[in-house]
Each structure stands twice: as structure tokens, then as C-alpha cells.
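Those protein sequences? They're chains G and Y, same order as listed.
Using the numbering used here, you'd call the opening residue of the first sequence number 1 and step up by one each time.
Using the numbering used here, you'd call the opening residue of the second sequence number 431 and step up by one each time.
Hints listed in this document are in silico derivations from the structure and should not be mistaken for laboratory results.
Certain hints may be false.
[Claimed, not checked] Sample of chain G residues facing chain Y (criterion: CB under 7 Å; computed from the structure): (1) Ala103; (2) Pro395; (3) Arg399.
Note that the Cβ used here is the ideal one computed from N, Cα and C, for glycine as well.
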Amino acid sequence: MSGIFGRLARQRGLFALGTVAMLTAIVPANAQTTIKWLHLEANPDRLATWEDIAAAYEEANPDVTIEFQFLENEAFKAKLPTLLQSNEAPSMFYTWGGGVLKAQSETGAIRDLTAAMDADGGAWRNAVSPAAVDGLSIDGKVWAGPQQSGLVSFFYNKALFEEAGVDAAAITTWDEYLAAVSALKEAGITPIAGGGGDKWPIHFFWSYLAMRELGQDGFAAAKAGEGFQGEGFLRASQKLADLGALEPFQDGYLGASWPDTQAVFADGRAAMMLAFENTATPSNQANAATDGKGLASDNIGRFAFPVVEGGAGLITDDFGGLNGWVVTTNAPPETEDFIHFLTIENASVLAERNSTLPTALGSDASVKDPSLADSAAQMAKATWHQNYLDQDLGPNVGRVVNDMSVELVSGGVTPEEALQQIQDAFSMEM
Amino acid sequence: MSQLASSALSLPTGKTRMRRRGVGNRGKWPVIVLFLPPALLLFTLFVILPMGEAAWYSFFNWNGYGLPDQWVGWKNYELIFRQSAFRNALVNNGLIIVVSICIQIPLALWLATMVTKHIKGALVFRLIFFLPYVLADVAAGMIWRFVYDGEFGLVANVARFFGQAPPFWLADKDVAFYAVLAVIVWKYFGFHMMLFIAGLQAIDKSVLEAADIDGATGWQKFTRVTLPLLGSTVRLSVFFAVVGSLQLFDMIMPLTGGGPSNSTQTLVTFLYSFGVMRMQVGFGSAVGVVLFIICVTLAFSYKRVFMKND
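Chain G extracted, bound-state conformation:
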């Protein structure tokens, strides 16, 4: 017995010695820092752009290796809390800002980027749109390096609008919008493609209506503690319920996922959709449509979400995403530099190749697609940029907002009941 153990121990000793020898042989030649980049980009073309940028960085900095780690969207959200507290934490990961970023910032698991942003007389900070830096800051501290932002607006099928005799340029108020919906219905056209199955596509409507009713100050007051049961929210919820009562969506929209919804619009089965800035790009149309082509770019128009009468919100108040990169506490010091390289120095590459709207100033000139450039132009004039509510309000209140938006539009709850539920979730967070 002891003989066996003795032999094993000796072998293990030898093995350990061998390992140490091998390591010492490698280490001096290869004093590598590894940046572990956790992302959720499933599109191979977009990922290729990032890989090229990473390769360029590795070439310029031979002692840095960049390791890509992928998690699918939902898995990312579910795993991240555990991952951040483990030794396997990535160096940098994707963020949508808002409540989740706030929760992460309170744990000590992520790094404050304020000093990096303000170094060299604020070189980084001054290169980014102030609204983006602001959107990823909490109590004056910057917690993520901004990369891109987005704009949600109405996209419409010009041919179908013409068929129904609706002039999109004339839609600036909610009443005019409802009139357009009715006109489309009368012409036998499904007015809106809606994704009730995924829920968040419907929360765009509620968010915009609430923004138009309350305006920036009213909204800030609500988030600061006034809550979600005021007159403005009640009117916004009622307006969404009224829209639902017109039955403007395609059949079966309550079960439709986002890809289903995009297909409805790209196939020409509905006249408009409230969607992301890249909706009209040819690649997005080709991805979305059943026939692999989709609507021609010149057949798609865009208009901003209309204002409501008597509301404090302006038509130039924007709603859309804001994304950036968070650095974890134990990440190598080069991580910030790489994020700067990615989001600032390569902003125009990202704009051109990935059809995104970078937050780096001056990169909008590289936006080639006319519809994207149109969105970029509107964002440049924005009086207020509101992040998605399901991010901004945190995952819990956000999901309740999504649920209630669908319930309101499908007549499942009254505005009072919906707001009560949102308020209940909100007071638990406070």
C-alpha cells in the first residue's frame, strides 16, 4: 500500500517539477496579459469586425492577448451575477446601462472609469457624446465606456401608406397618428407590426407615450421617487389602451416574437413598426424578410414618435438604447486602453462595417446608410435621450413595464391596475 503511494507521490513530484520547468520555459518569452472580452454578438459579420479590431490591437501591443467569450443574450443576463463574483470573471462585458449597471456598481465587482475618462485633460470624455457619458454614469461616476446608442422611431411602408392615402409627413400628434391607423385599417391594411410575445417591443409604445406626456422633468421626478401613478402616466396608459382598442396589430401579435414581427413588416404584411434605427438597412431587411430580400430601402420611410396634446414632452425627445463596455475590478490595466481603442479610435470602422451609431463624436460622417444617417441626424438634435425603460428601471420594474404594456394594449388590465403593478415593483426597489 505505502509502496504504491510512495511511487505515486514520487511521480507526482516529478510531474510537478516538469510542469514548473515547462512554465518557467514559457513565461519569460510570453509575459502575456489576457483581456477576456465577454460579449453577446451572435452576428458573424459584426463579430468579424470586432475580431479585426482586436487583432489590430494585439499587433500594436504584442504583450496583450484578447480572448473572446460569448454568451447568448438571456444566458448572459442570468449568469453574469454569479460570474462577476467568481474567479472566472471576464475583463470587460457588454452593458445596456440603467438599473443593472447601477446594481453592478454597488457590488464593487466593476471598476470606476471616471479617472480614465478624465486623464490627459479629459481626452476620452471629450471624444464622446456627453449624453452617452451621462447615460452610463451614476452619481457622477462613469461606469462604462460608451460605444453606441440607438433611436427607436416609426418606420413605414411608403407603398402601403400611399395606398391608404396617408401622408406620413403630416403625422406629428398622437391624434393624427390614430387617424392614420384608422385610415390604414379602412383600406384593409394591417397598420402596425407588433411583437406582443416578446413584450418589450410593445413597451416602446408605453415608454414614448409616457415620455411625451411627462417630459424630461416629469419623468426624472417619477424615477426620483414620485412614482408611476400620476396623471401623466394614467393618460399615457389610457392612450395605449385606446390604440389597442383599434386592433391595429397583425393577427396573433400576442404570440409574435421580435423576428416574427420584423418579418411581418419586411414582408409588407403591415404598414409600419416602432423599431430600432437599423430597421431600414438592406442587410436588416434581408435578414428579417421571409423571401430573404425585404422591402427596398426607398420604400421605407421614418418618422419620429408623435407628441400628445397638452403633454410636456417634445418631438425631439429621443428614446433608444445606449451600450458600452464595463470593466471588472480584477481586469488587467490595459482593458481601459483597449475599450478606448475599440470605441473611439475605431468608431468609424464600427459605423461603416457594423451599421451602428457610435457615440464617439464625429463618427456620424462614416454612417453610410441613408436611413441610419437620418436617425443619427435626429439624435444629434436630441433634447433628451431616454434609455430603454426595461434597462433604465432595472430588470424587475422593467419587466413589469413590459408585461403591463402588453396587458394594456390587449385590454387585459385597466390603466389604474397596470400602474399599480408597476408602482408595486418600483416601491420594492426603493
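Please arrange chain Y on chain G, whose structure you already have, making use of the hints.
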């Protein structure tokens, strides 16, 4: 072993009994000391401890980041019972059990009696009926989502063939769960059928022959001979249906995700959508505890009441 056997066989007097037990225990101790700790350690580490932790977290308002420090007492449990989605989930789990017992198990039993008869092609049918069960739950869910699709699905095309407007069952909160139930029956009847086939094969043929000689009809043979002899299999089958209903998750997610309006939530999808996805770890843990209590109560009382002789 021989000691155990002898102590079991003989009826020793008090003194010898004590002595023998002492010897027996002394013989068992090394075994206990050697073999119990690994199993006990693993079981404690991966079963008892997480359960205890879940119970502990359920009293906090916690999003999973950092440490739980906001004690809320029984509030998470109050919130669960105020959620209409939770009531939906409970009712749905109940419905699954009812449908399993009233439709799925009789269907499986009927098919099992058919395919165990020595007719041509019985084996092929046995395989075909078992195939849905072999399929991964997620794949089955996705397949049926396509089948039910109101634009391009099989159901829509059948409806159009008969000149009807295609239905959107999964988008209709009054119908969606029945569509899900149909998939559940389709998916799992093969499993119950296999149980019954095994049960049927274990029945002594001579009993059935005796019934034949006594002039019993086919139905009489089934109700008086086959069914009573299959009793333990039926009870096991129902037990699996109950436990399966409480665990149902991976087929619902691709099929409906619990929607529309939470009409197709089960207890586990409720836990996932309201606990995990909303990063309400405390609330989710409370749901887990409730689910655990329901499972344990059902499982133990079922075993006590119905399976005590099996």
C-alpha cells in the same frame, strides 16, 4: 452477513441479543465510517446546503449582486400569493395532472394493450409512439411552435384548406394552454405506454388463459384481470405524471414562454420568469421553497397513500 442472518432467524434472549447486536455494530462501524462521509458530504454540499441557502435568501430582497442584506421577512411569500401569474401556474399544473390522468394515461394504456398483441407491425407502432418522448423537450417545443404558427404553420394550412381563417392558438390566452396540453399529451404518452408494456409483459399468461376458459369477455378480462394486475404500474405512471407536471419547463419556454398574459405559466416557468429573469433572487428563492414544499408534500403523501403496498 452470517451474523445478521443468524440474528434474524433465531429469537435470542435479552442478554445474547445485546451481545450479538454489539458485535454487529462493531462490524458495521468501519463500513459506516468509510462509506458514509463521501456520500454525506456530497449530498450536504449539493443538496442540503443549496436548499438551506434558498430558504435563507427567500427572506431577502436581493438581486443576486453582492451579499443579501435587505431582510424583508415574509414579504416575498406574500408577493407570490398576490401574483395572478402564480395562481395561473398552480391551476395549469393542476390541469396538466388532470389531463395526464384522464386522457394521457388511458390513451397510453389502450395503445399499450394494442401494441403488445402479436399482430404484424406492432413493433413499428411501438417505436413510432415512443419517438416523441425521445425528442428533446426544447426541440419539441420549437417544432410545435412552427406547427401552431398562424401564418406558415401546419394548423394554419389545414384551416386554410377548409376555407377557415387560420387560428393563432398560442397568441390567444383562452386557448393557448389547451394547445400546450395537447403537446404534453403527444410528448409523454409514449413514456407511459412503455411503462404499461413492461407491466403487461409481466402478467402471467396463465391467468388470462384461465379467464378465457371461464368464458370471460375481452372487456371483463381487461377490467377484472389485466387492470388489477397492472395496478402498481398505473400508480407509478400517475406518480411520474404528477412529478413531471411540477417540473415542466423546457418545453413551455420555446413554445410560449409562459405567455400570452401568463396564461401558460407552470410553477417552474413562473420561477424562471419572475425570479431569474427579473433578477429577484430573493423572490425566486421563495418560489423555489414553495415549489419544494408542494413537491415533497405531493410525493410523500402519494407514496404513503397510494403506493404503500408497491
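**Report entry** Closest C-beta approach of Arg399 of chain G to chain Y relative to 7 Å, hint status
**Finding:** holds, 5 Å
Query - Agreement of hint Pro395 of chain G with chain Y interface, Cβ distance less than 7 Å - result: holds, 4 Å
Query raised in the report: With a cut-off of 7 Å, does the beta carbon of Ala103 of chain G approach a beta carbon of chain Y closely enough for the hint to hold?
Result: holds, 5 Å
Of the numbered hints given earlier, the model fails none.
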